[in-house]
Structure formats: structure tokens, C-alpha cells
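Hey, can you work out the whole structure from these sequences and the hints?
Spelled out from the first residue to the last, the chains are:
2 protein chains.
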Amino acid sequence: MYKTLVNYRKRRGTEEERRILTLLRDRGFAVIRSPASGSKRKDPVPDIVAMKDGVILLIEVKSRRNGKQVYVKRDQAEGILEFAHKSGGELFLAVKRPRELRFLKFSELRRTDGGNFVATEDAIRAGLDLDALVRYVESKFSKPLDSFL
Amino acid sequence: MYKTLVNYRKRRGTEEERRILTLLRDRGFAVIRSPASGSKRKDPVPDIVAMKDGVILLIEVKSRRNGKQVYVKRDQAEGILEFAHKSGGELFLAVKRPRELRFLKFSELRRTDGGNFVATEDAIRAGLDLDALVRYVESKFSKPLDSFL
Chain A
2 MYKTLVNYRK RRGTEEERRI LTLLRDRGFA VIRSPASGSK RKDPVPDIVA
52 MKDGVILLIE VKSRRNGKQV YVKRDQAEGI LEFAHKSGGE LFLAVKRPRE
102 LRFLKFSELR RTDGGNFVAT EDAIRAGLDL DALVRYVESK FSKPLDSFL
Chain B
2 MYKTLVNYRK RRGTEEERRI LTLLRDRGFA VIRSPASGSK RKDPVPDIVA
52 MKDGVILLIE VKSRRNGKQV YVKRDQAEGI LEFAHKSGGE LFLAVKRPRE
102 LRFLKFSELR RTDGGNFVAT EDAIRAGLDL DALVRYVESK FSKPLDSFL
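Protein sequence lines correspond, in order, to chains A and B. The first sequence begins at 2 in the numbering used here and counts up one residue at a time. The second sequence begins at 2 in the numbering used here and counts up one residue at a time.
Treat the hints loosely; a few may be bogus.
To be verified - Lysine-lysine pairs mimicking DSS-like chemistry, simulated, CA-CA at most 30 Å apart:
1) Lys141/B - Lys106/A
2) Lys87/A - Lys141/B
3) Lys63/A - Lys87/B
4) Lys74/A - Lys4/A
5) Lys106/B - Lys87/A
6) Lys87/B - Lys141/A
7) Lys11/A - Lys11/B
8) Lys141/B - Lys63/B
9) Lys69/A - Lys106/A
These aren't lab readings, by the way, just hints derived from the structure by calculation.
In C-alpha cells:
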């Protein structure tokens, strides 16, 4: 019974990841879904890598039917933060709830005393929608210095 | 019999991709293997995405036991070139032969009259080995202009 619920959630999570992948692709991103997505591995990788004109977004997706806060456990968070740091990209938490999709900068999430990361209801509401995310990425396009020399 | 051979080649190709993934990870890259790798899809994605400090490498892997030239078919090549273009990264062909691994800039491959891409024996020998690839990537690290302002 518990296992069935876990599998159901995993399948639904996968569907949401695919949907977000398609949304980003339609906005001109080169996108790739992690094969490790949804599974536990010693080498953690974010669910989605989305790239556009040299800007790298790493996106961890959390899909929720209800509930106000979204938690990312310490171990998982530290793994994907390390991945993001090596890549030189920026890590986002995508929160998918009914009729709502928000992208939150991971660096702005609150940490609990236990070291877990939490997106509060307020933080989720203040997150970027897809349009705002695209504008944010476009604002980061900047030519390297040597292209001016 | 033919199908067995195809499956054998695919499995060996997957092993080589994993090995290259590990080599790059050990050199400080954030790496991800395409889930589409080895399968035909309408939305082509290179086998490996490797990122380091904002530099994006897209890598298509061709593993060969023997044979001098390596071909990439026009349709596949155009798909992954488009992906690379959108991402702002640079596309490489990794040629794995016994006791040899070379990374070739896709932009320097020769095109046949039919539009396919070919890595000649000379081009493969002149390709970058892993150390040279890492040095090449490190030479591309450059701060965006606004970090100087």
C-alpha cells in the first residue's frame, strides 16, 4: 500500500518534470532530464538541466497536490548544490501545485535547524512564474570581455 | 542475429559513455548523461552534457573497435548541432577506440556531399585527449564584462 503510493507519486512527479521540460523547450531552452531523476544515487544530479545562450539553470522539481510548505532534505540539497556549483549554473526549486508553477532560487530558501531547506508558502507565492524565469535568464546574457577586444 | 549485434553495440556504447562520464566527473565537471542516449527521438540530445564554471560541453560519443573513419549521419548531426546552438555550448565528437579517446570539435569535422559528418583518421589523431580538453575548457573561463564594471 505504502509502496503503491510512493510509485504513484514518483510517476506523477515524472509527468510534471516532462511537462516543465516541454514548457522550457518551447521557450528556446536546450533541455535535458536527468536519467537519475527520482532515484537515489550517490552522485546527485538535479531533475532538469536547462541551458540558453550559455546560461545554465539546474532545476529540482517538487510536485504537490496540497500542503503549504515544500521541504528539500539536507542530503539531497547539498548534493545538487554541489553539482550546481561545479557547473557554474544557478539552482532553482520548481514547485508545481494545482494551477501553479513557481521557480524559487535555491539560494533564497530558508534552512531549518536540521539543515533541511524549506520553501514557505510566502516564498512559493513570491517565486518566479515561467515568464519571469525566462526574463531573468535573458537579463543574465552578457558577452564575455574578450568579445569586446 | 542482426538485432543481437545492434543490442551488443548499444550496450558497449552505453558502457563507454559511462566511462567517459566518470573521467569528466573526476576532472571536476558536473556531468549528466542523456536519458535519450542511444535511442532515436524526434528531439535529439547529445549523449553527454558536461559543465564546468559556466562552460558547456555537449558530447556525442562514438565507440569503435576498428575502422578508420567515424561518420555521424546528417539528421542526427543537425539535431545535436541545433541543441548545442540553443544551449550556447560547444559540441564535441568523442571517438573511443581501443586504448584511445579523442575529442574532436564538431565544427571542424568534414562534411560529405550527402551532408553527413565524417571524422577522418587524421582528424581523430589530431583530436584532443582528455588533458587537452580540460585545458581547452579552462582557457575559456572568462568573466562577463559586467564583473569588471
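Taking the hints in turn, this is what the structure says about them:
1. Lys141/B - Lys106/A: Distance ~27 Å between Lys141/B and Lys106/A Cα, so the pair holds.
2. Lys87/A - Lys141/B: Holds, because 15 Å separates the two Cα atoms, which is no more than 30 Å.
3. Lys63/A - Lys87/B: 26 Å, holds
4. Lys74/A - Lys4/A: Distance of about 20 Å is within 30 Å: holds.
5. Lys106/B - Lys87/A: 23 Å, holds
6. Lys87/B - Lys141/A: Since the Cα atoms of Lys87/B and Lys141/A sit roughly 15 Å apart, the hinted pair holds (cutoff 30 Å).
7. Lys11/A - Lys11/B: Holds, at about 28 Å.
8. Lys141/B - Lys63/B: Satisfied, since the Cα-Cα distance of roughly 25 Å is no more than 30 Å.
9. Lys69/A - Lys106/A: 18 Å, holds
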